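Asker: Protein sequence lines correspond, in order, to chains D and S.
Just so it is clear: in the first sequence, position 64 is 64 by the numbering used here, and no numbers are missing.
Just so it is clear: in the second sequence, position 237 is 237 by the numbering used here, and no numbers are missing.
Keep in mind that the hints were calculated from the coordinates and are not lab data.
As the structure is a prediction and not an experimental result, all values here were calculated from the model.
Watch out, some of these pointers could steer you wrong.
[Claimed, not checked] Pairs of lysine-lysine, DSS-like flavour, derived with a Cα cap of 27 Å: (1) K29(D) to K114(S); (2) K29(D) to K243(S); (3) K71(D) to K243(S); (4) K50(D) to K261(S); (5) K50(D) to K117(S); (6) K55(D) to K135(S); (7) K114(S) to K58(D); (8) K114(S) to K68(D); (9) K173(S) to K69(D); (10) K58(D) to K243(S); (11) K69(D) to K261(S); (12) K29(D) to K173(S); (13) K117(S) to K22(D).
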Amino acid sequence: MNLNQVTDGVIEVIAMNSRFTKDEIEQNKPLDKYISSDMKARLAREVKGKFQKVKTIKLTNELFVTIKKVKDLIQHVYQVYNEV
Amino acid sequence: MYTKFITKFNVGTFVILLTVASSAIAQERIFSIGYGKALINNDSSTYTISIDLNRVPGSNEKGNGYFFVNERIDSTRWGYYAKPTADINLGSGTSAAPNNVSVGLAFGLAYDFKESKIGIASFCLEMSPDFVGDKTLRNSLKYLSLTPCFQVDNTWDGISIFLGAGFSYSLGKRSILDELDHAYSRTSVPVSMKLRAFNFAEGEKMRLHLSATYKFNKVFNDIEVNERSFDFFNVKTDFYLLKNLAVNFTYNCGFEEPLFKENNAFSFGVTLAR
Numbered sequence: 001m002n003l004n005q006v007t008d009g010v011i012e013v014i015a016m017n018s019r020f021t022k023d024e025i026e027q028n029k030p031l032d033k034y035i036s037s038d039m040k041a042r043l044a045r046e047v048k049g050k051f052q053k054v055k056t057i058k059l060t061n062e063l064f065v066t067i068k069k070v071k072d073l074i075q076h077v078y079q080v081y082n083e084v
Numbered sequence: 001m002y003t004k005f006i007t008k009f010n011v012g013t014f015v016i017l018l019t020v021a022s023s024a025i026a027q028e029r030i031f032s033i034g035y036g037k038a039l040i041n042n043d044s045s046t047y048t049i050s051i052d053l054n055r056v057p058g059s060n061e062k063g064n065g066y067f068f069v070n071e072r073i074d075s076t077r078w079g080y081y082a083k084p085t086a087d088i089n090l091g092s093g094t095s096a097a098p099n100n101v102s103v104g105l106a107f108g109l110a111y112d113f114k115e116s117k118i119g120i121a122s123f124c125l126e127m128s129p130d131f132v133g134d135k136t137l138r139n140s141l142k143y144l145s146l147t148p149c150f151q152v153d154n155t156w157d158g159i160s161i162f163l164g165a166g167f168s169y170s171l172g173k174r175s176i177l178d179e180l181d182h183a184y185s186r187t188s189v190p191v192s193m194k195l196r197a198f199n200f201a202e203g204e205k206m207r208l209h210l211s212a213t214y215k216f217n218k219v220f221n222d223i224e225v226n227e228r229s230f231d232f233f234n235v236k237t238d239f240y241l242l243k244n245l246a247v248n249f250t251y252n253c254g255f256e257e258p259l260f261k262e263n264n265a266f267s268f269g270v271t272l273a274r
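Excised from the complex, chain S in its bound form:
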């Protein structure tokens, strides 16, 4: 049992570290360390470290971070890209975050619309192998997801707003330690919003980043859950007091992969960025 666990843990750890290392090269938000509190049970005050690379939980951050490939197709408005994504939450508690390890490698096609009245818009069609695990990696999901999405961005003097919406279909397996793999499939509808406010009269010091994500999951095939429909909501803010230093607040509510256990928790802490 322990050999199997250690082998699985090492493989998982290697993949995670590889993704983190390649992503961290160009990551705006490197990591956050802080204190968390789950609101469902009265027992859980936790200390957390989160590493977010290219990802808002429940939705891919299409625009951020490190890319392996990002090319334009000749003189068309089509492009293609490949980039790693990761969202890793460590600490004394697992309840402040819906999942504890989430990594992927997204391959995408993008169509960049010309500027219009609605803003700067792009359409993306993304395929990604993903790994989503709990803290111990004893219960994890491995699947391939296909996600068409639409995103629009508007930037004015001192504020920018980004809206994204998509539809995702995933097909793969659930792995539980000491058990045979089980089939897993789901669809989800992620909707995300990001707001950035900044005051360049103060240099680059004063910035506020706020992101909110709503995700509806419809699980078709999974041994782990009896329910089939799950909602998840996440709000994350970073208020930059210095160029590389911010205080942050995160709130998670709802049910999310891999365990789909009820989550209702907040955490706050310090963000180190670059």
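Isolated chain D (complex conformation):
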């Protein structure tokens, strides 16, 4: 899965779980702008629904600590699918 496919998929999931459309979501903006912290556990489950290889528990906890921006989430998923 290449970076464009992951980017489209992640932004689609964020749009499905927020008030924002795909066109309104920017990669460089903080994830908090689109998803509140109360909905991050839900977001992790939804990302898992779209990307089966993602480990939900790891993603959930990183959403609260290291994943700050939309592009961080994209990178997290991309690395899962492109681990050596």
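Let chain D serve as the given structure and place chain S on it in line with the hints.
Answerer: Below, chain S alone, put in the same frame as chain D:
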């Protein structure tokens, strides 16, 4: 007597420290240190340290913090999770907080509704063993609670609002030092609201977090209290001046576990977050 107390204290302390350690890994708000004032008696100015993990007093914070498990069930919209919760208040006074140690381990089922006109909504059914104690752990509650709840979240550009409401039934025991355990059961209706305002034009620096919780308790079986119905209200704000540093204000009013003593106190201080 002291051996029993020390044993109980050590077991309780171990459980608390274990929960805190596992939760603190991913906690947004690590702790707060500050000054408190109780408004009922004229005697009590207190210094407080509070550690809040996954919890607003009187209501579970379903979305925050560290999870042991968080999985989706195949291709359905159902999921399940397990997470520790903790709300620990230390300091020179106990009156600024309704309870001083509150820890639990929540196991939950969640149904995530599709986005609709009302917002992003989820239904949760949660079961949790809980421990709620006073400062010395001489008087504590141990119970199993079952809580169905509904929560909805809306996020716009620069502001997000979260609303949650539920119904909780708890069944367990009250432990008082040097006494036999007594039966304890209650129902409660917690309603919570959270508001977050932020200005990303200023990076992540300027943020305001406000949460308010109302909780109605109906106690069915308890040796400690004569009254049976109790209200409790809590407001907590954090205003972030820097990315990891905030000033906070907390106000508690009403009656809450474990002692159900009248509480009317405010405190303010500094929050360290991550």
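Asker: For the pair supplied as a hint, K29(D) and K243(S), confirm whether the alpha-carbon distance does not exceed 27 Å.
Answerer: Holds: K29(D) and K243(S) sit about 15 Å apart, inside 27 Å.
Asker: Given the hint that K117(S) pairs with K22(D), does the C-alpha gap stay at or below 27 Å?
Answerer: holds, 18 Å
Asker: Between the alpha carbons of K29(D) and K173(S), is the straight-line distance 27 Å or under?
Answerer: violated, 49 Å
Asker: Just to be careful, I want the Cα atoms of K69(D) and K261(S) compared with a cutoff of 27 Å; is the pair within it?
Answerer: Measuring from Cα to Cα gives roughly 44 Å; hence the hint is violated.
Asker: Take the C-alpha atoms of K50(D) and K261(S), compute the straight-line distance between them, and say whether it is at most 27 Å.
Answerer: With a Cα-Cα distance of about 49 Å, the restraint between K50(D) and K261(S) is violated, given a limit of 27 Å.
Asker: Given the proposed pairing of K71(D) with K243(S), does the C-alpha separation stay at or below 27 Å?
Answerer: holds, 19 Å
Asker: Under the criterion that the straight-line Cα-Cα distance not exceed 27 Å, is the pair K114(S), K68(D) satisfied?
Answerer: holds, 24 Å
Asker: Holds or violated: K29(D) with K114(S), Cα cutoff 27 Å?
Answerer: Holds, at about 24 Å.
Asker: Assess, step by step, whether the Cα of K58(D) is no farther than 27 Å from the Cα of K243(S), and give holds or violated.
Answerer: holds, 24 Å
Asker: Against the 27 Å threshold, does the CA-CA distance of K50(D) and K117(S) hold or violate the hint?
Answerer: holds, 23 Å
Asker: Holds or violated: K173(S) with K69(D), Cα cutoff 27 Å?
Answerer: violated, 45 Å
Asker: Can you confirm whether the C-alpha distance between K114(S) and K58(D) stays at or below 27 Å?
Answerer: holds, 24 Å
Checked against the numbered hints given earlier, the structure breaks hints 4, 6, 9, 11, 12 and satisfies all the rest.
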